[in-house]
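**Student:** In case you want the letters, here they are:
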Amino acid sequence: MSVLPAAVQSFSPGAEPVRKGRIRINDVVKIYGADDTGILAVDHCTFEVPPGEITVVVGPSGCGKTTLLNAIAGFHSISSGSIYLDDQMLCGPGKLKAQPGPDRIVVFQNGALFPWKTNIENVTFGPIMQGAMSSAEAYDKARDMMADAGLRDVEHNYPGEISSGVRRRVEIVRALMNNPKILLLDEPYRALDSLTKSVMHEALLEIFYKNRVSIFFITHDLEEAIFLGHRVVIMTTRPCRPKKILDIDIPHPRDYSVLTAKRFREFMDETVAAVHEEAIKAFAAGEKER
Amino acid sequence: MVANTRNLTSLALALHRVSLWLKSSRPYLMLIGFAGFLGFWYLSVEVWKLPRFSEMPGPTQVVREWFSKDPTYGLSIFVPEYYMHIWVSTRRILIAFFLATAIGVPLGLFLGWSERFKQFVFPVFELLRPVPPLAWVPLAIVMFRGSETPVIFLTFLASFYATALNTMLGVESIDVSYIRAADCLGATRWQVFRHVIVPGAMPFIFTGLQISVGVAWFSLVAGEMVSGQYGLGYVINTSYTMVRYPTIIIGMVTLGIVGYVTSAAVRLVGDYLMQWRTRELALGGDR
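Top to bottom, those sequences are chains L and G. Numbering-wise (my numbering), the first sequence opens with residue 1 and increments by one. Numbering-wise (my numbering), the second sequence opens with residue 1 and increments by one.
Label pairs and their computed distance ranges (CB to CB):
#, chain 1, residue 1, chain 2, residue 2, range
1, G, Tyr83, L, Ser163, 45 to 55 Å
2, L, Leu192, G, Val261, 41 to 51 Å
3, L, Asn110, G, Ala264, 29 to 39 Å
4, G, Val261, L, Ser198, 51 to 61 Å
5, L, Ser163, G, Ile257, 38 to 48 Å
It should be emphasised that the hints constitute simulated quantities derived from the structure, not laboratory data. All C-beta atoms, glycine included, are put in the ideal place defined by N, C-alpha and C.
Sequences and hints are given; from them, build the entire structure.
**Tutor:** Now the structure itself:
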């Protein structure tokens, strides 16, 4: 954030060392449909996303981890329990659906840059819509942040003109423009090939080290989870509930050499059986539904 | 790829597309297609004199009449009345198309945007839509005085349905992620409408407008055949009753040309307003 001019910095509460962006999920239940006949998607789920760290939630596809993310973001209601962001209740008794807002920004599975706006128009969208900055201020800040993320050359391109990896980076910068307390990433690299993915992981870590924003990251890829996360939450298959919570003590900053480190392999060995077990259950459940 | 398109102006982009078009086989196949069609017409009417075609004017007769300074049946490119007919028809199209767009696009946007509004309006809309414009002719004549308004009303009707329906489908086609992203970024409901719904529906809106201008000509001619004293539909119909057969063909060919020009104009405006899409497509959509 040091690149920001002083005038802009006054808008950024994230400039001081981050101890904000703690998410507490308390006993959350989500049932789709009627209470007695509906589908139980999230079952008494309790865990914490520590501030200024990366928490990765791993689980088989369709296990209900996106349901949890949607509840935090405010796209869906929960059935009971509560979710707190720092001291503020996002949703809970009496208010089952959170209000979406720029303190928690989602980066979507398939990307959601507006294709009809240029990349820089996308990046300035948040502050201008909120009236938090004048157009000139927003463009100044956007130019700085994009340059910082290596996106200077694509400022005036449309998202459809750049590769999907670069699009993801623009989308993360668009989110960071709002000084969010937490970023919610919903399997953002799912559609990418493994080579592009490894580049994107390092780029994400680089952005994280610069901005120190809390990150809530959903994936079904265990290797990705252990590589990125301070904390990895392994979920059971539907209904989803934490099965195992690991604090990954591999020191940050990390780069790709971590993948061959002994400690990394130990974490993999420790968790791969648990994840595999859930994958088999999910597969069996899928067979039954058919 | 990025470096190639970053600094392209829309003019350069248009020229680029024209040169691609000329390099492809498309224009030449198109010419062969036209030649084949005209050749068939010429041979069957003027050379072989097939029985079904005996009353039909051949291409040479039509061309001679069309470009004659002193046309046998009274209508050629040198007669001011010819342009009067074109202008009257075009003016009716412009008025009807403008009204259909001004009413149809907002209606379609709200139909797609508000589930409740749709529940009120859409059933009525769906019941009226299958009624062909021709079936409206008597009511149009009863409702509106004079000969001009009924024709414009009939032209408007068909256009309006196509525009409103496609606009609604356009809104419904928008990926919910875009709306959620705008919510996350702190946009109000009205800002979402202005910055996500309207531009997101734009590709469908312009598809709708192209269909709309096409069906406008369709019902215009029907309307002009029934009522009116000017216009290309009127030319075709009176030439039939007065046995001026070459003039019928002149009217038809003129309709084809003017209709094509109006469609192309709508497409150009669409391309201009949707640079993002034009550029995506110009890159060959390989991502």
